[in-house]
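*Asks:* Residue strings, one per chain:
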Amino acid sequence: MTTFILEVAVLINIYIILGVSFNLLVGYAGLFSVAHAAFYGIGAYTTALLMAKLGVNFFLALALAVVVTALLSIPLAIPSLRVSGDYLVIASFGFQLIMSSVFNNLAITGGAAGLPGIPKPVVFGYRVAGSLPIVALSLGMALLCLGAAWRVTTSPFGRVLRAIRDDEVAAQSAGKNVQAFKVITFAISAAMAAVAGGLYGVYVGFISPPSFAVMESFFIFVLVIVGGTGTLRGSVIGAVVLIALPEALRFVRMPEEVAFPLRQILYAVLVILFMIFRPQGLLGEQAPREEQGS
Amino acid sequence: MGLFLQLFTDGVVIGCVYALVALGFVVILSTTGIWHFAHAAVYSAAAYWVYFATVERGMPLVLAALLSLPFAACLGLLIDVVAYRPLRRRNAAPTTVMIVSIAVMTFLENGIAILFGTDNKSLGTVFVAHGYSVGPVVITTWSIITLVATAVLFVTLILFQQRTEMGAAMRAVGNNADMARVVGINVGRIYLVAFALGSALVAPAAVLVSIHSGISPTMGLEVLLTAVAAVIVGGVGSIPGVLLGGLLIGVAGGVGVWQIPSQWQQAIAFAILFLFIIFRPTGFFGGKVKSAAV
Chain A
1 MTTFILEVAV LINIYIILGV SFNLLVGYAG LFSVAHAAFY GIGAYTTALL
51 MAKLGVNFFL ALALAVVVTA LLSIPLAIPS LRVSGDYLVI ASFGFQLIMS
101 SVFNNLAITG GAAGLPGIPK PVVFGYRVAG SLPIVALSLG MALLCLGAAW
151 RVTTSPFGRV LRAIRDDEVA AQSAGKNVQA FKVITFAISA AMAAVAGGLY
201 GVYVGFISPP SFAVMESFFI FVLVIVGGTG TLRGSVIGAV VLIALPEALR
251 FVRMPEEVAF PLRQILYAVL VILFMIFRPQ GLLGEQAPRE EQGS
Chain P
1 MGLFLQLFTD GVVIGCVYAL VALGFVVILS TTGIWHFAHA AVYSAAAYWV
51 YFATVERGMP LVLAALLSLP FAACLGLLID VVAYRPLRRR NAAPTTVMIV
101 SIAVMTFLEN GIAILFGTDN KSLGTVFVAH GYSVGPVVIT TWSIITLVAT
151 AVLFVTLILF QQRTEMGAAM RAVGNNADMA RVVGINVGRI YLVAFALGSA
201 LVAPAAVLVS IHSGISPTMG LEVLLTAVAA VIVGGVGSIP GVLLGGLLIG
251 VAGGVGVWQI PSQWQQAIAF AILFLFIIFR PTGFFGGKVK SAAV
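So the sequence lines, in the order shown, correspond to chains A and P. Counting from 1, one number per residue, gives the positions in the first sequence under my numbering. Counting from 1, one number per residue, gives the positions in the second sequence under my numbering.
These aren't lab readings, by the way, just hints derived from the structure by calculation. Beta carbons are placed, not taken as given, at the ideal position from N, Cα and C, and that holds for glycine. Possibly wrong hints are sitting among the right ones.
[Stated by the list, open to error] Ranges of calculated distance between the beta carbons of each label pair, as one might list FRET restraints:
(1) A:Leu-64 - P:Gly-188: 48 to 58 Å
(2) P:Val-255 - A:Val-241: 28 to 38 Å
(3) A:Glu-257 - P:Val-183: 49 to 59 Å
(4) P:Ala-129 - A:Arg-233: 29 to 39 Å
(5) A:Arg-233 - P:Val-255: 46 to 56 Å
(6) P:Leu-115 - A:Asn-105: 39 to 49 Å
(7) P:Gln-259 - A:Thr-2: 54 to 64 Å
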């Protein structure tokens with residue numbers, strides 16, 4: 001039982017990182033995408049491959065994965081400079097499916113069978129195995145990402161992001177380089193997703209393409225919407241609620257082939273209800289104040 | 001050369017399937033401005049209806065195929081009334097509606113998975129696999145039916161849009177719903193017509209594909225995304241553009257197999273989509289773009 005709770009705690013930490021980083025993109029910069037799981041996957045595969053095939057230390061591998069993922073976010077950032085709204089969602093759909101296809105078909109990723117044998121991380125000569133140390137490691141990473149995200153959103157940088165979200169033309173005419181802000185936000189958001197991916201790989205010890213497929217992107221989306229876009233606390237709560245809730249339902253005995261679709265249906269219903277009745281999410285701001293002023 | 005011609009022909013036929021799926025989608029998009037991703041689930045549902053009626057209840061295939069039209073139409077109407085109408089009443093942003101449509105798709109696909117299981121199922125009909133040699137190229141009965149169905153449906157729909165009063169009303173609502181209301185068009189009713197007609201139009205493609213390659217609950221999403229790519233490549237809102245976009249993507253994927261392993265076919269389609277979104281978001285027949293500021 002204790003082990004079970006600790007394992008859920010690791011997942012919650014990973015999804016806090018994913019939710020917070022995705023919220024930077026959706027909630028603060030207003031850039032809607034369904035490709036976050038692709039970045040999560042790029043981070044996971046890069047970290048895992050570096051550790052398993054080249055024997056690189058966990059932190060170095062993670063740092064390299066962060067850089068690689070941030071660079072690979074540029075192809076998706078480019079359409080965001082040209083189009084917005086619906087078109088960006090579609091471009092991100094395309095990006096997500098291309099990456100899924102890469103995870104599935106590249107020889108080095110192990111294809112559909114997945115990539116087993118990811119070693120446990122070694123921190124200052126101490127091998128992080130077992131539940132408690134992993135919880136500590138993931139909690140540390142989650143706090144680090146939360147802190148970074150908090151820094152980003154409360155800085156002048158974050159203020160400009162919200163300005164772009166609410167009125168891109170106004171931000172531009174105020175002399176802000178909107179293009180650069182979007183590219184950097186994509187890079188930060190993707191880099192954090194890579195951290196989550198690296199953690200997930202060493203935690204489970206095995207990764208395979210379905211963990212980073214389009215439905216996973218949708219789940220991250222749901223988590224942010226339920227918690228509330230544009231609020232970091234909301235994403236933390238969204239992660240806790242949406243991970244803990246189905247885990248609790250696990251005690252109701254049900255075959256997995258029914259339980260999995262049932263969970264997806266639950267998420268879908270949550271999104272529809274929230275979008276109709278409480279679009280700002282659990283902790284969202286009522287409406288951007290800027291809008292009333294203009 | 002013979003191989004090339006064969007791949008080209010196969011590409012044209014697959015392109016017709018994409019165009020057929022995109023046709024209903026674009027009727028809904030150009031009239032209501034909704035990126036109706038749940039169209040993918042209507043497609044899956046129509047295919048499962050045919051499976052249920054013929055394999056599990058012993059209905060003749062032709063009858064089940066004909067009944068799939070009203071079945072899909074009703075499902076489309078239901079989605080509009082239950083999910084989109086409450087959002088319209090609250091003046092929700094286009095992106096919000098799009099997110100809800102993705103949620104509705106998830107809901108329906110997983111509903112199908114619970115009812116029928118996630119495994120691939122075959123309709124067990126092989127009569128359409130008979131091939132005819134035309135010079136160096138072999139064409140099956142199935143391909144001929146697909147080509148004829150595509151030609152008939154596209155011509156009918158273009159005539160419907162250009163020559164009938166209802167078609168004119170739909171174009172009017174698509175151009176400017178408020179203005180249409182002013183001249184006495186019942187906009188709510190036109191929306192219902194668009195959803196019924198658009199959803200019914202997905203049924204022929206669903207039936208053809210399920211006969212050819214069997215069914216699974218998630219069969220809709222990838223086909224739909226490719227169809228959406230066809231819509232964007234052809235130019236949003238243009239019906240001839242949809243056909244051209246579908247054929248281009250089908251042929252590129254088909255001929256691509258000549259040089260590139262076939263598992264990358266999907267990636268090729270989305271790479272084309274990506275390039276179009278970056279360099280020419282209005283597509284070949286760049287026309288009215290309703291909901292997004294490109």
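*Asks:* Look at each hint and say if it fits the structure.
*Replies:* Against the structure, the hints:
| no. | hint | verdict |
| --- | --- | --- |
| 1 | A:Leu-64 - P:Gly-188: 48 to 58 Å | 56 Å, holds |
| 2 | P:Val-255 - A:Val-241: 28 to 38 Å | 49 Å, violated |
| 3 | A:Glu-257 - P:Val-183: 49 to 59 Å | 53 Å, holds |
| 4 | P:Ala-129 - A:Arg-233: 29 to 39 Å | 59 Å, violated |
| 5 | A:Arg-233 - P:Val-255: 46 to 56 Å | 52 Å, holds |
| 6 | P:Leu-115 - A:Asn-105: 39 to 49 Å | 31 Å, violated |
| 7 | P:Gln-259 - A:Thr-2: 54 to 64 Å | 56 Å, holds |
In the structure shown, a violation is registered for the earlier hints numbered 2, 4, 6, in ascending order.
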